[in-house]
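Turn these sequences into a full structure, and let the hints guide you.
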Amino acid sequence: MTHATLDNSQAPVFEELGAKRDSTFVFKYFGLHALGAISRMILSAANASFTNEIPTDWAAEKSQAPFGVIPILTETSSDGSKKIQIAESDAIERYLAKKFGFAGDNVFEEVMVDTYSSNTKALMMQFSAKVFGVKDPELKKEGKAKLIAENIPTWIQYHERYLTQEGANGHYVGNKLTLADIKTVLAINMVQGISGEDLISQEKTPALWKVKSTYDSIPSVVAVMATEEYKSLSDRNLSILGYC
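Every letter in the sequence shown is one number past the one before it in my numbering, and letter 207, counting from 1, is 203.
Simulated from the structure, these hints should not be mistaken for laboratory data. Please note: incorrect hints may appear among the correct ones.
As the list claims (entries may be wrong) - Label pairs and their in silico Cβ distance ranges:
| hint | residue 1 | residue 2 | range |
| --- | --- | --- | --- |
| 1 | Asp3 | Ser230 | 17 to 25 Å |
| 2 | Lys94 | Lys58 | 27 to 35 Å |
| 3 | Ala222 | Thr72 | 24 to 32 Å |
Beta carbons are placed, not taken as given, at the ideal position from N, Cα and C, and that holds for glycine.
The following block contains the structure:
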């Protein structure tokens, strides 16, 4: 039987809900940030009505997921009559970014958002390859050193330059929040998790810092980050992955 997230008969419902912003959402993922961070950040910035569903027995639930993994996003129309599910973090992020106007307003802006987002994601993948996914302490130490010496400075150099050229206004594209900004905020959190303010700070990288401070000051984001649930996710993320 086709999983609900891959059911072609759902196409009309996707078209309908994709154009609306008054839905409610359930975001199913583990009790930390990790691969769920960006989607939760989008929902928070959009002031969307969402709840987190954290599996209590993932081994038993795993077979119900379309690819045996999470996150999975469930969206329900405001009147409760229609429901869709989306699997895979990248698909969820792009869907939500487009829905809430964080993907660019025209073809050029969409390409710019995707370009910056892709480059930042490449840095995040280096974190996974060199640190998060490494169990051997010595290899992890070597990977962290290489990140700090090579990967991160290169990313900072380019992004600080391009943001400065755009006016260092806290955004990559125009004067509005996009997925590129949100990914960079997460990347900054990851960088500071392994290097403190040695590489990124308000003084050393003002353009990048402006992106983070702009996102962190959105009222709906401030409200979410003040909740006990968010603090719990951050604490667990810090203990497992080393950053908040």
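If I claimed the Cβ atoms of Asp3 and Ser230 lie 17 to 25 Å apart, would that claim hold in this structure? About 35 Å separates the Cβ atoms of Asp3 and Ser230, which means 17 to 25 Å is violated.
Can the suggested window of 27 to 35 Å be confirmed for the beta-carbon pair Lys94 and Lys58? holds, 29 Å
Quick one: are Ala222 and Thr72 within 24 to 32 Å, going by C-beta? Holds: the Cβ-Cβ distance is about 26 Å, inside 24 to 32 Å.
When the structure is compared with the earlier hints, a violation turns up for hint 1 alone.
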